[in-house]
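Asks: Each chain, written out:
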Amino acid sequence: MLFNTALFWLFFAAFFVAFHFAARTRVAKLWLVVVGSLLFYGAWDVRCVPLLLGTALLDFWIALRLSRSQDERRRRALLAVSIVANLGVLAFFKYARFFADSAHGLLGVLGVALPEPTFSLLLPAGISFYTFQSMSYTIDVYRRELPARERPEEFLAAVSFFPHLVAGPIIRASVLLPQFEQMEAPRWEQVRRGYLLIAVGLLKKTVADLLAAPSDALFRSAGATSALEAWTGALAFTGQIYADFSGYTDIAIGVALLLGFVLPPNFDLPYLATSPIDFWRRWHLSLSTWLRDYLYIPLGGNRGHRYRNLLLTMLLGGLWHGANWTFVLWGLYHGLLLVVAHLLVERFPVLKETPSAAVRWAKRLGTLYLVVLGWVLFRAESLPAALRVLEGMHVPAVPSAFTWPAVLTLLFVVAGLVLCHAASALAEKTELRQRRLALWPVVAICLALAIAIGTPGHSFIYFQF
Amino acid sequence: MTSPSPSNDRIAARTLGVGLVLLLASLGLARGFIALVERSSPPETRAHLTEGSGRLVDFLQALPDIAKREDAVLVFGSSLIQHGFSPLMFEYVLGVPVTAYNLGFPGVDPELQALLARRTAEAFERQGHKARLSFVEFTPFQATLARGQAPSFREHSAVKKALLADPRVLARVALRSPEEASHLGALWAMGGTSPLAVTSLLEHRLFEGPVPPWWPVPAEPEPDAERKAWVARIHAGRAASERRHVPEWDPVHRGEVRWLYHETLEAYMAWARLRSAPEVLEAERQWRVETSDLLELHFDEQQVRFFIEAVRALASVSQETLVVLAPRNPAWNQPTAEGRARLAAVLALIERETGAPVLDLAESPGFGPEDFIDVTHLNESSGRPKLSQRLGDVVARRWFRGTVKDTAP
Chain U
92 MLFNTALFWL FFAAFFVAFH FAARTRVAKL WLVVVGSLLF YGAWDVRCVP LLLGTALLDF
152 WIALRLSRSQ DERRRRALLA VSIVANLGVL AFFKYARFFA DSAHGLLGVL GVALPEPTFS
212 LLLPAGISFY TFQSMSYTID VYRRELPARE RPEEFLAAVS FFPHLVAGPI IRASVLLPQF
272 EQMEAPRWEQ VRRGYLLIAV GLLKKTVADL LAAPSDALFR SAGATSALEA WTGALAFTGQ
332 IYADFSGYTD IAIGVALLLG FVLPPNFDLP YLATSPIDFW RRWHLSLSTW LRDYLYIPLG
392 GNRGHRYRNL LLTMLLGGLW HGANWTFVLW GLYHGLLLVV AHLLVERFPV LKETPSAAVR
452 WAKRLGTLYL VVLGWVLFRA ESLPAALRVL EGMHVPAVPS AFTWPAVLTL LFVVAGLVLC
512 HAASALAEKT ELRQRRLALW PVVAICLALA IAIGTPGHSF IYFQF
Chain F
12 MTSPSPSNDR IAARTLGVGL VLLLASLGLA RGFIALVERS SPPETRAHLT EGSGRLVDFL
72 QALPDIAKRE DAVLVFGSSL IQHGFSPLMF EYVLGVPVTA YNLGFPGVDP ELQALLARRT
132 AEAFERQGHK ARLSFVEFTP FQATLARGQA PSFREHSAVK KALLADPRVL ARVALRSPEE
192 ASHLGALWAM GGTSPLAVTS LLEHRLFEGP VPPWWPVPAE PEPDAERKAW VARIHAGRAA
252 SERRHVPEWD PVHRGEVRWL YHETLEAYMA WARLRSAPEV LEAERQWRVE TSDLLELHFD
312 EQQVRFFIEA VRALASVSQE TLVVLAPRNP AWNQPTAEGR ARLAAVLALI ERETGAPVLD
372 LAESPGFGPE DFIDVTHLNE SSGRPKLSQR LGDVVARRWF RGTVKDTAP
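Going down the list, the sequences are from chains U and F.
Sequential numbering from 92 applies to the first sequence in the working numbering.
Sequential numbering from 12 applies to the second sequence in the working numbering.
It cannot be assumed that every hint is accurate.
So the derived label-pair ranges between C-beta atoms look like this [what the hints assert, rightly or not]: (1) Pro234(F) / Pro208(U): 23 to 31 Å; (2) Ala191(U) / Gly377(F): 53 to 61 Å; (3) Thr347(F) / Phe183(U): 38 to 46 Å; (4) Val263(F) / Glu522(U): 55 to 63 Å.
Chain F stretches covered by chain U per the calculated footprint, using a threshold of three residues with CB under 8 Å from any CB of chain U [claimed, not checked]: (5) 21-33; (6) 194-203; (7) 214-225.
To be clear, the hints were calculated from the coordinates, so they are not data collected in a lab.
Here the structure is a predicted model, which is why all the values come from computation and not from measurement.
We put the CB at the ideal spot given by N, CA and C, even for glycine.
Build out the structure end to end from the sequences listed, making use of the hints.
Replies: Written out as structure tokens, the structure is:
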């Protein structure tokens with residue numbers, strides 16, 4: 092049940108009516124959220140529901156035990172069970188084949204011939220998101236930053252809450268649980284923002300699907316490419332992944348707002364970042380802050396081995412995205428960028444300053460260039476495929492043919508990139524939602540474009556993670 | 012916790028109301044935008060990119076008049092019939108006053124055929140009489156598992172289903188797949204135009220249009236340029252010959268799509284030569300194998316059931332019903348032994364379940380590669396007359412015990 096299908100909106104309309112008009116008590120609303128979310132999740136594959144319920148109930152039970160125990164050894168053991176169970180589930184379903192293939196390859200290099208792994212496992216949708224969300228709850232309770240909930244429905248509702256269940260943002264229990272306690276009705280300003288975000292999100296998804304064609308054309312071809320083709324495809328994917336993921340997030344936040352819940356933002360105009368450090372303060376914020384708080388800081392953070400911690404955090408962040416060495420390389424690449432950026436800023440503090448708009452834009456373009464190179468690693472099926480594209484972008488073996496359709500495609504790709512940022516800025520950085528006369532026509536036009544040229548049911552990229 | 016209050020309920024109700032108004036407004040805007048795009052596109056491009064949904068709409072408009080005729084001969088099928096059957100030729104060969112109709116539609120899978128057959132049957136039932144005869148063509152590669160998985164085919168099929176589905180059908184689809192049913196409902200609300208068709212039309216206009224004169228780089232020679240030029244000449248000749256707007260399902264020619272006129276003969280033959288060049292056909296066969304399992308023919312049981320439904324629906328309003336297997340291109344479409352066995356089993360099942368005899372022309376010796384325009388479709392110059400004549404012969408033999416005319420008009 093994807094956000095860009097009629098079925099989801101029928102489901103949401105029914106859920107909205109039941110939530111606001113039928114469920115009259117807090118407990119009834121909580122159970123409705125749980126049942127509705129499981130229904131939403133089960134629409135993908137009903138076999139995945141017990142896994143979601145199982146890991147969430149285990150963490151709920153462990154958190155209860157943690158809150159009732161003062162024995163630190165016992166508490167550490169309980170936390171270890173939670174972490175091992177969550178990461179174990181993630182490792183089994185998402186990485187088992189990857190590890191088996193990698194081990195097979197390594198043993199092959201060492202001269203040990205074993206039969207090639209042939210098994211395949213069902214990858215439950217959103218498993219990377221909900222295991223992180225669930226795990227953060229037990230860690231917060233262990234740290235005594237959050238009291239454990241006595242009743243399961245609050246925690247189950249927070250973990251399974253359908254707007255963010257499948258592709259984030261990764262919402263920590265500490266963000267949603269207080270809202271489920273309060274269960275406040277939405278204010279009209281929230282409703283207006285919600286509708287605007289839904290419309291902008293659907294428009295972004297439409298743009299993402301249009302950008303998929305030039306991107307796929309580049310990454311699916313096997314031969315040498317010209318610079319024009321390579322840059323068009325790489326920029327198309329740069330736009331596609333932002334439009335797709337931030338579009339999903341916008342819709343998720345908008346839908347939650349219509350129900351009265353506020354989810355934190357996940358993006359802040361990332362391609363306007365002026366450095367790699369700035370980029371990670373604007374891209375997939377819920378993941379980067381999660382990794383900071385639950386991995387980087389526990390590893391030691393800025394105290395001692397700072398750059399090792401940073402590299403390790405980014406490497407694991409890359410692996411979180413998918414079971415492929417290209418994701419690991421992408422994480423490592425960004426880790427190295429961050430290390431170099433931090434070293435440069437420490438050595439030359441003047442780099443922090445932006446004396447003029449021209450310097451700011453030069454920094455933005457430089458950062459965007461580095462980010463685009465990273466997306467090539469992220470999108471390519473293999474390292475040789477990524478190298479082929481990178482070669483096409485920098486030392487092409489084939490000359491570019493600047494024919495009208497080819498240049499027009501590049502212009503559309505750039506326009507798509509700009510449009511998505513402009514739409515985000517319009518929704519979140521301007522006073523549009525306060526202006527009734529301007530707001531509703533903008534919402535209707537965005538929705539109309541999404542309806543007329545959107546690709547209903549076209550999956551979101553981050554669902555595979 | 013804030014307990015539900017009248018003001019909270021008011022906000023929720025207002026949210027719902029605004030949502031409904033937004034939905035209607037955006038649907039209206041979207042339909043206006045689509046109409047604008049469609050109106051500004053050439054009819055041939057529109058027909059090509061919408062895979063025949065316009066033909067279906069035109070047919071549905073003509074259906075009440077067709078159903079009034081007691082001498083109707085309905086020739087149902089896919090694009091194989093659309094391109095392979097001439098009602099006039101059939102009537103001439105048969106030699107008795109019947110009114111034949113070409114009811115072949117591109118991209119119709121058996122589920123769609125069943126919907127179309129039911130809609131047709133309802134039209135005849137309302138008139139209280141039966142058609143004289145129905146042929147129902149079974150297109151094997153439309154009923155394969157692979158065909159059902161190809162996204163573009165599914166979308167084209169969904170648009171036509173949305174045009175034909177009623178609440179009862181939607182409910183039946185919803186039981187099988189709520190997602191598909193809601194998508195059909197959305198397509199219906201969009202007036203039967205898929206966003207896929209809209210983006211294709213926009214892409215066609217933007218990227219296949221003329222290069223601006225000020226652009227310094229000359230366009231790369233288009234591999235298809237010669238073929239497109241001949242097609243343009245055919246359309247021009249057709250327009251000159253018809254001197255009227257020709258709908259996609261043309262009541263004047265009773266559904267036959269004509270490209271071959273005195274004025275277009277040269278262009279048609281030149282186009283046909285390019286279209287049926289071996290390298291073109293090899294690529295097309297490969298595509299058909301990948302998207303439709305052309306040679307192995309692993310059938311989708313559900314689709315076979317739908318075809319049986321279609322035959323039964325038409326049989327209920329026809330004095331006679333025959334299932335037809337259209338001629339196969341002997342040079343380019345030769346299923347494997349397993350594929351043939353699967354097809355034979357399916358045909359036997361259809362015959363057993365419907366009681367309608369199967370007229371298997373797949374291996375008919377009268378048809379050679381020169382009668383085909385591509386891997387699967389008959390051409391208009393020789394294939395279409397041959398099939399029309401053959402069907403006329405078959406009916407004549409059934410009706411008059413061997414009295415058959417054997418000359419072309």
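Asks: Tell me the numbers of any earlier hints that the structure contravenes, in ascending order.
Replies: Of the numbered hints given earlier, the structure breaks just one, which is hint 1.
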